[in-house]
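Undergrad: These are the residues of each chain, in order.
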Amino acid sequence: MKNTVALLTDFGLNDNYVGVVKGVILTINPRVKLIDITHRIKSHKINEAAFVLRTSFSYFPKGMVFLVVVDPGVGSSRAAIAIKTKNYYFLGPDNGVLWPAAEADGIKKMIELNDKRFFLKNISSTFQGRDIFAPVAAHLCGGVYFSHLGKAIERIKKLDFVLPKEKRRFLEGEVIYIDKFGNLVTNIEKSFLQKFLKGKKFRATLAGKKIKTLSGSYVKNRPNEPFFIEGSFGYLEVSLKGESAKNYFKISPGKKTKLIIKKI
Amino acid sequence: MKNTVALLTDFGLNDNYVGVVKGVILTINPRVKLIDITHRIKSHKINEAAFVLRTSFSYFPKGMVFLVVVDPGVGSSRAAIAIKTKNYYFLGPDNGVLWPAAEADGIKKMIELNDKRFFLKNISSTFQGRDIFAPVAAHLCGGVYFSHLGKAIERIKKLDFVLPKEKRRFLEGEVIYIDKFGNLVTNIEKSFLQKFLKGKKFRATLAGKKIKTLSGSYVKNRPNEPFFIEGSFGYLEVSLKGESAKNYFKISPGKKTKLIIKKI
Amino acid sequence: MKNTVALLTDFGLNDNYVGVVKGVILTINPRVKLIDITHRIKSHKINEAAFVLRTSFSYFPKGMVFLVVVDPGVGSSRAAIAIKTKNYYFLGPDNGVLWPAAEADGIKKMIELNDKRFFLKNISSTFQGRDIFAPVAAHLCGGVYFSHLGKAIERIKKLDFVLPKEKRRFLEGEVIYIDKFGNLVTNIEKSFLQKFLKGKKFRATLAGKKIKTLSGSYVKNRPNEPFFIEGSFGYLEVSLKGESAKNYFKISPGKKTKLIIKKI
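Protein chains in written order, with this note's numbering: chain W, 1 to 264; chain R, 1001 to 1264; chain A, 2001 to 2264.
Zero decoy hints are in this set.
Computed far set for chain A versus chain R, every beta-carbon distance over 10 Å:
no.	residue
1	T2085
2	K2108
3	F2118
4	L2159
5	P2164
6	L2197
Only some residues are given here: those of chain W computed to face chain A with a beta carbon under 7 Å:
no.	residue
7	G12
8	L13
9	N14
10	D15
11	G19
12	K22
13	G23
14	V24
15	L26
16	T27
17	G73
18	G75
19	S125
20	T126
Pairs of lysine-lysine residues, derived as DSBU-like cross-links and limited to a Cα-Cα distance of at most 30 Å, are as follows:
no.	chain 1	residue 1	chain 2	residue 2
21	W	K42	A	K2250
22	R	K1255	W	K220
23	A	K2250	W	K45
24	R	K1165	R	K1262
25	W	K42	R	K1033
26	A	K2165	A	K2250
27	R	K1210	A	K2045
28	W	K84	R	K1121
29	A	K2250	A	K2190
30	A	K2109	A	K2158
31	A	K2220	W	K158
32	A	K2157	A	K2121
33	A	K2220	A	K2190
34	A	K2256	R	K1180
Simulated from the structure, these hints should not be mistaken for laboratory data. From a predicted model like this one, the values you see are computed outputs, not experimental measurements. Cβ coordinates follow ideal geometry from the N, Cα and C atoms, glycine included.
Extracted from the complex, chain W is given alone in its bound form (with noise of 0.2 Å):
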């Protein structure tokens, strides 16, 4: 499945430019399959589409390459690179955005993306997408060996999602993301609080309100009563039945949130 190339940005879906890289890639290898992950992660916002990445991956064919590009320092001198990892191929600025997928998966070679060869003739400082990962990541699917695409590099940008703390008698969590239904998903995996609890029961605090439950499913709750549900991402996430429990906390995307879950 070298052939599929999943593209995750943060270009929007208003403008030409995810046609454009579409357009570059089918010029070069008409093969190539396509699929959108989102290309609406926020502008330049490196951590959401980190953690977009991170849990999409695993679900997608082996052996294919993502492609995303969320790269605030386009144009400056932060390279341009490639990871092969045990069962993917990561294409991407050198933000740290590749690492914690390709951390997961296990890294088995990195890349410095630096034969032109690969490249569009005209590299812009405005749009590397376009002109360097697009063209490469066309080449590595119609063929083109990995570690011909640039030199071997040592060390890329790291960047790891922000751990709940635990302390003897609280854990303390936040909201890391919110989706389209406003379900506010946490930085606490699930066996991670039953690890805490050690059977115990819980108190939860988001926002000045309250969390009282660990629910197995949507349905089985009361209206006007959040609970934690272990999510699609494998998150802990706190929800309501049939609301947003974005709205229901008052929740801004941008703003840190903490959660303090006590034993009882």
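Given the coordinates of chain W, assemble chains R and A onto it according to the supplied hints.
TA: Just chains R and A now, with coordinates in the frame of chain W:
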């Protein structure tokens, strides 16, 4: 064309949900072709999705699969179902969303999806689009017999659109959909209106404003004069030339808005 | 690559319009590959679509088909046309939207689409993207000769972008497009500015604020200091480091905004 899957969901385009569903399908069956109908159904609005599916399906290649996930009851005991109709396959939750389209095409066979061989290994209670419907669609496209996907059932949840009420001297309809251009789609078919009028004229009222004409095209009308037109969905729509009827009538999408057509 | 169709419309992503157009194409010709340029052109904004098409087309595979529907005159007597250029085929309404791209590539032949064998059976007055352009694109990709699609015509509607005005000591340009990142795309090409300046310096004014530099990259600038940069569309853009120039200058997309560049 059983190798094609059209997707209709309320997942939105910000999160990775649509991408992950596609990744799961292509992991199981890399030959599937994917088309998006829309992913911007308002969250949990079964009626809206049922309307969009009903007015779309016949334009798609015969033999293909529709994967529809608008599923407020995910994780409850509502069944996951598949319907074979005269020309298509429909997969989705048993909440009525598939009914109007499937019924219009002619239902041949209905199945409850309960054969776990065709699911992902871990079934979450929050994302059955990924864990059940996507893999089943991939296996169906890959040649698994429809009847092998689960056990035959006799009854599924029905969902019928509101019909216009016919009184002696007037018709009472409503606005059931508003499109991107602000066209107000009513639940009245042109032939239904003509049969009611029997050659007489009409005067219609919507949100306190009058509609006086039934027009054959957008452009032949004067500015600021709303008119009926047989729209792209096959129903009468209320439109204005070069302007949004939604704005002109100040209609809000969520609210039920009555339309009265009087024979004069 | 005549088997590839790139779509550019103002249909938006909420309704089923884009999906239905794709369904029609694949019903007639299941081998067509589809790429979206964007569907979020503002409703009926022919200029915006023409600009997006003009700045996109050359990145797509030669031989392919562009299907462009931004069509305020649908249902009027405006013709449905097809243009064969040096490298591509363009399909759309005769309202100027195809002109800048087709002219830039070199027009070879123009046709009015009037052969109903290549249309859907029922032609609505509201959705010719579905009823005319989609089936014609599918047939063209399927091997129908371009010249068989309709009758040759000599003239189509032209649309020219506003050029900057050159006075003795200053240039008067304008903002013609704003992208997702808030970059303000002007109608001035870098080479045009350099020819005007002949090595001298400049001072520019936009919406009451000053722009003092022409930069080679986003990142080398200071915060809060707007600059010109040759952007991804091939025009000078007004940008800020890590911030939206649209917000900084308080520019609203619909309104014409003058840019004055003075030679000093």
